[in-house]
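Chains as they are written, first to last, in the working numbering: chain A, 213 to 789; chain B, 213 to 789.
Just so you know, these hints were derived from the structure itself, not from any lab. Mixed in with the good hints there might be a few duds.
Here are some, though not all, of the chain B residues that point toward chain A, as calculated from beta-carbon distances under 8 Å [what the hints assert, rightly or not]:
no.: 1; residue: N218
no.: 2; residue: E226
no.: 3; residue: G230
no.: 4; residue: S265
no.: 5; residue: T441
no.: 6; residue: Y485
no.: 7; residue: V507
no.: 8; residue: L514
no.: 9; residue: R544
Short, incomplete list of chain A residues facing chain B, as computed with Cβ under 10 Å [to be verified]:
no.: 10; residue: M213
no.: 11; residue: A233
no.: 12; residue: G273
no.: 13; residue: E483
no.: 14; residue: R489
no.: 15; residue: A519
no.: 16; residue: P541
no.: 17; residue: K545
Computed from a predicted model, the values in this text were never measured in an experiment. Glycine is no exception: its CB is placed at the ideal position from the N, C-alpha and C atoms.
Number of protein chains: 2
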Amino acid sequence: MTRLFNDPTAFADEFAEGFVAANRRTVRAVSGGVVRATAVPPGQVAVIIGGGSGHYPAFGGLVGQGLAHGAALGNIFASPSAGQVYSVAKAAETGGGVLLTYGNYAGDVLNFDAAQDRLRAEGIACETVTTTDDISSAGPAERDRRRGVAGNLCVFKIAAAAAEEGRELAEVVRLARLANDRTRSMGVAFGGCTLPGAGAPLFEVPAGKMAVGLGIHGEPGLSETDVPTADELAELLVGNLLRELPDGVPTPAGARVVPILNGLGSVKYEELYVVYRRVAQLLEDAGAVIVEPEVGEFCTSLDMAGASLTLFWLDDELEALWLAPADTPAYRKGSVTAAAAVDQATLDAAADADVPPASDESRAAAVIIDAALAAIQDTLDRSVDELGRLDAIAGDGDHGIGMQRGARAGRAAAAEALAAGAGAGTLLIKAADAWADRAGGTSGALWGVALRALGERLGDADPAFSAAVVEGVAAARDGVINYGKAEVGDKTMVDALVPFADTLAAALGEGADLVEAWRRAADSATKAAAATSDLLPRKGRARPHAEKSLGTPDPGAHSFALIVVAVGDVLDGAVGG
Amino acid sequence: MTRLFNDPTAFADEFAEGFVAANRRTVRAVSGGVVRATAVPPGQVAVIIGGGSGHYPAFGGLVGQGLAHGAALGNIFASPSAGQVYSVAKAAETGGGVLLTYGNYAGDVLNFDAAQDRLRAEGIACETVTTTDDISSAGPAERDRRRGVAGNLCVFKIAAAAAEEGRELAEVVRLARLANDRTRSMGVAFGGCTLPGAGAPLFEVPAGKMAVGLGIHGEPGLSETDVPTADELAELLVGNLLRELPDGVPTPAGARVVPILNGLGSVKYEELYVVYRRVAQLLEDAGAVIVEPEVGEFCTSLDMAGASLTLFWLDDELEALWLAPADTPAYRKGSVTAAAAVDQATLDAAADADVPPASDESRAAAVIIDAALAAIQDTLDRSVDELGRLDAIAGDGDHGIGMQRGARAGRAAAAEALAAGAGAGTLLIKAADAWADRAGGTSGALWGVALRALGERLGDADPAFSAAVVEGVAAARDGVINYGKAEVGDKTMVDALVPFADTLAAALGEGADLVEAWRRAADSATKAAAATSDLLPRKGRARPHAEKSLGTPDPGAHSFALIVVAVGDVLDGAVGG
Numbered sequence: 213m214t215r216l217f218n219d220p221t222a223f224a225d226e227f228a229e230g231f232v233a234a235n236r237r238t239v240r241a242v243s244g245g246v247v248r249a250t251a252v253p254p255g256q257v258a259v260i261i262g263g264g265s266g267h268y269p270a271f272g273g274l275v276g277q278g279l280a281h282g283a284a285l286g287n288i289f290a291s292p293s294a295g296q297v298y299s300v301a302k303a304a305e306t307g308g309g310v311l312l313t314y315g316n317y318a319g320d321v322l323n324f325d326a327a328q329d330r331l332r333a334e335g336i337a338c339e340t341v342t343t344t345d346d347i348s349s350a351g352p353a354e355r356d357r358r359r360g361v362a363g364n365l366c367v368f369k370i371a372a373a374a375a376e377e378g379r380e381l382a383e384v385v386r387l388a389r390l391a392n393d394r395t396r397s398m399g400v401a402f403g404g405c406t407l408p409g410a411g412a413p414l415f416e417v418p419a420g421k422m423a424v425g426l427g428i429h430g431e432p433g434l435s436e437t438d439v440p441t442a443d444e445l446a447e448l449l450v451g452n453l454l455r456e457l458p459d460g461v462p463t464p465a466g467a468r469v470v471p472i473l474n475g476l477g478s479v480k481y482e483e484l485y486v487v488y489r490r491v492a493q494l495l496e497d498a499g500a501v502i503v504e505p506e507v508g509e510f511c512t513s514l515d516m517a518g519a520s521l522t523l524f525w526l527d528d529e530l531e532a533l534w535l536a537p538a539d540t541p542a543y544r545k546g547s548v549t550a551a552a553a554v555d556q557a558t559l560d561a562a563a564d565a566d567v568p569p570a571s572d573e574s575r576a577a578a579v580i581i582d583a584a585l586a587a588i589q590d591t592l593d594r595s596v597d598e599l600g601r602l603d604a605i606a607g608d609g610d611h612g613i614g615m616q617r618g619a620r621a622g623r624a625a626a627a628e629a630l631a632a633g634a635g636a637g638t639l640l641i642k643a644a645d646a647w648a649d650r651a652g653g654t655s656g657a658l659w660g661v662a663l664r665a666l667g668e669r670l671g672d673a674d675p676a677f678s679a680a681v682v683e684g685v686a687a688a689r690d691g692v693i694n695y696g697k698a699e700v701g702d703k704t705m706v707d708a709l710v711p712f713a714d715t716l717a718a719a720l721g722e723g724a725d726l727v728e729a730w731r732r733a734a735d736s737a738t739k740a741a742a743a744t745s746d747l748l749p750r751k752g753r754a755r756p757h758a759e760k761s762l763g764t765p766d767p768g769a770h771s772f773a774l775i776v777v778a779v780g781d782v783l784d785g786a787v788g789g
Numbered sequence: 213m214t215r216l217f218n219d220p221t222a223f224a225d226e227f228a229e230g231f232v233a234a235n236r237r238t239v240r241a242v243s244g245g246v247v248r249a250t251a252v253p254p255g256q257v258a259v260i261i262g263g264g265s266g267h268y269p270a271f272g273g274l275v276g277q278g279l280a281h282g283a284a285l286g287n288i289f290a291s292p293s294a295g296q297v298y299s300v301a302k303a304a305e306t307g308g309g310v311l312l313t314y315g316n317y318a319g320d321v322l323n324f325d326a327a328q329d330r331l332r333a334e335g336i337a338c339e340t341v342t343t344t345d346d347i348s349s350a351g352p353a354e355r356d357r358r359r360g361v362a363g364n365l366c367v368f369k370i371a372a373a374a375a376e377e378g379r380e381l382a383e384v385v386r387l388a389r390l391a392n393d394r395t396r397s398m399g400v401a402f403g404g405c406t407l408p409g410a411g412a413p414l415f416e417v418p419a420g421k422m423a424v425g426l427g428i429h430g431e432p433g434l435s436e437t438d439v440p441t442a443d444e445l446a447e448l449l450v451g452n453l454l455r456e457l458p459d460g461v462p463t464p465a466g467a468r469v470v471p472i473l474n475g476l477g478s479v480k481y482e483e484l485y486v487v488y489r490r491v492a493q494l495l496e497d498a499g500a501v502i503v504e505p506e507v508g509e510f511c512t513s514l515d516m517a518g519a520s521l522t523l524f525w526l527d528d529e530l531e532a533l534w535l536a537p538a539d540t541p542a543y544r545k546g547s548v549t550a551a552a553a554v555d556q557a558t559l560d561a562a563a564d565a566d567v568p569p570a571s572d573e574s575r576a577a578a579v580i581i582d583a584a585l586a587a588i589q590d591t592l593d594r595s596v597d598e599l600g601r602l603d604a605i606a607g608d609g610d611h612g613i614g615m616q617r618g619a620r621a622g623r624a625a626a627a628e629a630l631a632a633g634a635g636a637g638t639l640l641i642k643a644a645d646a647w648a649d650r651a652g653g654t655s656g657a658l659w660g661v662a663l664r665a666l667g668e669r670l671g672d673a674d675p676a677f678s679a680a681v682v683e684g685v686a687a688a689r690d691g692v693i694n695y696g697k698a699e700v701g702d703k704t705m706v707d708a709l710v711p712f713a714d715t716l717a718a719a720l721g722e723g724a725d726l727v728e729a730w731r732r733a734a735d736s737a738t739k740a741a742a743a744t745s746d747l748l749p750r751k752g753r754a755r756p757h758a759e760k761s762l763g764t765p766d767p768g769a770h771s772f773a774l775i776v777v778a779v780g781d782v783l784d785g786a787v788g789g
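Take these sequences, add in the hints, and give me the full structure.
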């Protein structure tokens, strides 16, 4: 159970606030996450990590001297938005370029890649190394499709220690990839975790059973067995990990290895040490030499009952970097030479860009869009539970809350922009960024992409509203497909968005007015969303029970349809009336 | 649930083994617990902590530079034996004397006091400061009766930092007392913990409820409320702690304070940080200045769902000591100057004392006593579940396991001594020490005292067996009463031991032989043990539901009766036959 929270939708933000309050010596809050509170030498590569909240000390707890320079902190189990990653990277980088490194999950890849594009567009060198240590999540031939779990720490630590030594971005990337290539993890779980405010666990493991290979958000495992003894668990984990040694380590005999035994939440330290006792024996029996092991909690899943073992196979270069000192809220090693604290006053000087001038027509359109965003918010407030239930069938149940947070933030940003005289384009772009930042997750990112694409086509001057809407919706469709890598038939929002965009363009082409065309398009989106009941969702993160969702519509397609219907009503009142 | 274990009776030992294996840079195993693996300057006061296992990082995780010099590690939730404390202190002390500091629980006080007596008897200066931070466990007028919980850390840290500065024992004691006087804690729980191998939690809190003031072994709290929001919990804890400011802190306004928000097991980091957010606001609203706070797990209770807040009110002297660096497996602060590792070879030179010569008569008696110890072991093997069930009614259910472990260890030590030609006295003393070391807890300590008293009276020369037994049993009775501080009628082992000793002496005085006298004495012990069904147990540790035990006999009295009956059968066969 997650028992201690206030408003569940505020949980991740309040966590971040408390986390920074408790660790001011080490970290400071920036838009989107945290960066070091200590000064970084100019020209040092900035190592930026991040991911959903709920995995503490991943990710904020690993920011500080000798480890990450910054962490983007998403909502519970949801990726940070591209805007968050971008903003954290901008706050941390000091001219040496940026390494983005994080666990290989679809939503994270989407958002970190988008942030990388924005950083590069500004001339900031940026590279990415995703972590893929979980051997249960794909076969050895598909290592780049594997998930990142507690082995994250090895990659982050090596990259950051290399950056601290003053190495260039290309070298930091090389070493981070080498560390990832030499890191393997495997996990087990005895019971699920409960999201704040949820009445039931995200998933369950039958009493007396153990799920082998389960992911840190409940992604399905390889098999289910009886709960073993501590020694048997050690034998299972070490046995499997020794069967997949990395290139360059032909045999464990004589090899140097860091074991990391990680608790996922409610499996406690004493139990971990009982298991570690046998892990160490087995590794030594195999002839391996253990170097600075770790036993504790490094990548958790709220209060999930489970544990994982990571083996990180060293070479001389990696060993020196692993032994380097670090000082973060949750991970301390050796003795760091304390760096100076940064000067907060100079940091507070950064200011937001102003609202550019707009035509009267565009400002009139902005009033209608603001009303549409208000209607979207109302619709999602009413549908939050329904969407959550739909998502819980195959996903992690946060679609309703995420959409509600996004819509509220988008509406608030739009109202502020409207008061400042924004045109339609600026208003939508500000709403898009706020939506993506606050909603988190894949759907938040996709709605950010869609609203931003629409806003860019509308602009702040063009009075040709209907034509711009059609172009903008088409651009939104293309942007969502491009970022989300989903096609029609994958049981996603795309299943409703594509017929909506096609019908809208066709109806206007046939001479219908915008209100009528939107109505027809919304009808086709509603039908298409309902038809997703017959589909299986495409493979992806946090869909442990995809097959159970047959017979229910996709929550992303369903919320899309609800939104375009609500917007149609606003258009009918404003333009048609 | 505690899920990962092998043999439940080996859990604490296997934990310690894995803990040392994972932390060789910092700690090393010694008989009874762990001490620093790094060299300590000669003449530095040794700060020795300890207590039951199951509270990690308390107590082994807090040993290292800047914190404790050694920790005695008891069985799960059971005090270490006097022999363990003594042995750890001997391994750690370097001529500057010893401070024993630990949570104020009856079993711990008993064993640490006995160790203190032994150290002092050898000319080693030794003082004690018990920690009493839990405001829920007794009123302000009875502060010295309160339990020690997560505020332990404040006292340990201050004492150790003072020792590191080279201060003398009296100064270390003064500062440890001052730290304890200025530390207050309060805890809540949402659910109980499960001992390894147990089928049900040690206690339960109804779903949706929160126990306020519950102890870390399930000791009863002040009240039960609905589960509050995170902010409401912060308000409850801060409110209560601010109502009991220590001497020297008339108002929080302007005072400097260390808050320690401690998770007890399955309440996780994100939740703690959400609560801490409000704790910090409330302290700042009250005008207090927060200094280096801690949010995490410092004194757990296996996987118990709960949290505690500690407020440690600083003065200038305490603040400097609190900020001093430390480097232990679980607690690191600042940058320590790494001390040299100790040389294991010189440590391994210590050897056990030999078996002294014995008379033929005494060696013949030793054979009988060895057989009696074997019979005790058989009896306890058969009764382990029954004793566990009796103890679970009012206590923590470990009496059966503890007695079994003690009897097995005692028998093994006796067999070894017998093979080395030991007399009756030496054999019993070796069995006594092994029993106390391995059984842990109060009953282990008391059986150690009883068997040792008997052994000292028997000696290795005296052929007057019967008279020595009577004297020895009387000495055992006096020793148990003196150490255990219990009287007849308190529903403890004393209720059976006193009539046993009295009847034995009376029967021999009336001319009965030893076999007959022992039979009568065992009968009276059996009757007295049964009669404890009508008593309420005396107040003490780990007796959350004392009233429920009406109608069932005291497990300690019952196991005493089983043991003396079994010994009677052996005497009948050996002496009477």
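Results of checking the hints against the structure:
Using the Cβ-Cβ criterion of 8 Å, the hint placing N218 (chain B) at the interface with chain A is satisfied: the shortest such distance is roughly 5 Å. For the restraint placing E226 (chain B) at the interface with chain A, the shortest Cβ-Cβ distance is roughly 5 Å, inside the 8 Å limit, so the hint holds. A cut of 8 Å between beta carbons decides the hint on G230 (chain B): the least distance to chain A is about 3 Å, and the hint holds. The interface hint given for S265 (chain B) is met, as the beta carbon of that residue sits about 6 Å from the closest beta carbon of chain A, less than 8 Å.
For T441 (chain B), the suggested interface contact is upheld, since its CB lies about 5 Å from the closest CB of chain A, less than 8 Å. Evaluation of the Y485 (chain B) hint against chain A yields a held restraint, the C-beta minimum of about 4 Å falling below 8 Å. The beta carbon of V507 (chain B) is positioned within 8 Å of a beta carbon in chain A (closest approach about 5 Å), and the interface hint is therefore held. Interface restraint check: L514 (chain B) against chain A, minimum CB-CB distance 6 Å, threshold 8 Å, status holds.
Annotation: R544 (chain B) was flagged as interfacial toward chain A, and the flag holds, the nearest CB pair being 4 Å apart, inside 8 Å. Annotation: interface hint on M213 (chain A) holds; nearest CB of chain B at approximately 7 Å, less than 10 Å. Against a cut-off of 10 Å between C-beta atoms, the interface hint on A233 (chain A) holds, since the closest Cβ of chain B lies about 5 Å away. About 7 Å separates the beta-carbon of G273 (chain A) from the nearest beta-carbon of chain B, less than 10 Å, and the hint is met.
The beta carbon of E483 (chain A) comes within 4 Å of a beta carbon in chain B, closer than 10 Å, and the hint placing it at the interface holds. Proximity of R489 (chain A) to chain B holds as hinted, the smallest CB-CB distance being about 3 Å (cut-off 10 Å). Restraint check, A519 (chain A) versus chain B: the minimum CB separation of about 7 Å is within 10 Å; hint holds. Proximity of P541 (chain A) to chain B holds as hinted, the smallest CB-CB distance being about 9 Å (cut-off 10 Å).
The beta carbon of K545 (chain A) is positioned within 10 Å of a beta carbon in chain B (closest approach about 8 Å), and the interface hint is therefore held.
Violated hints are absent here; each numbered hint is respected by the structure.
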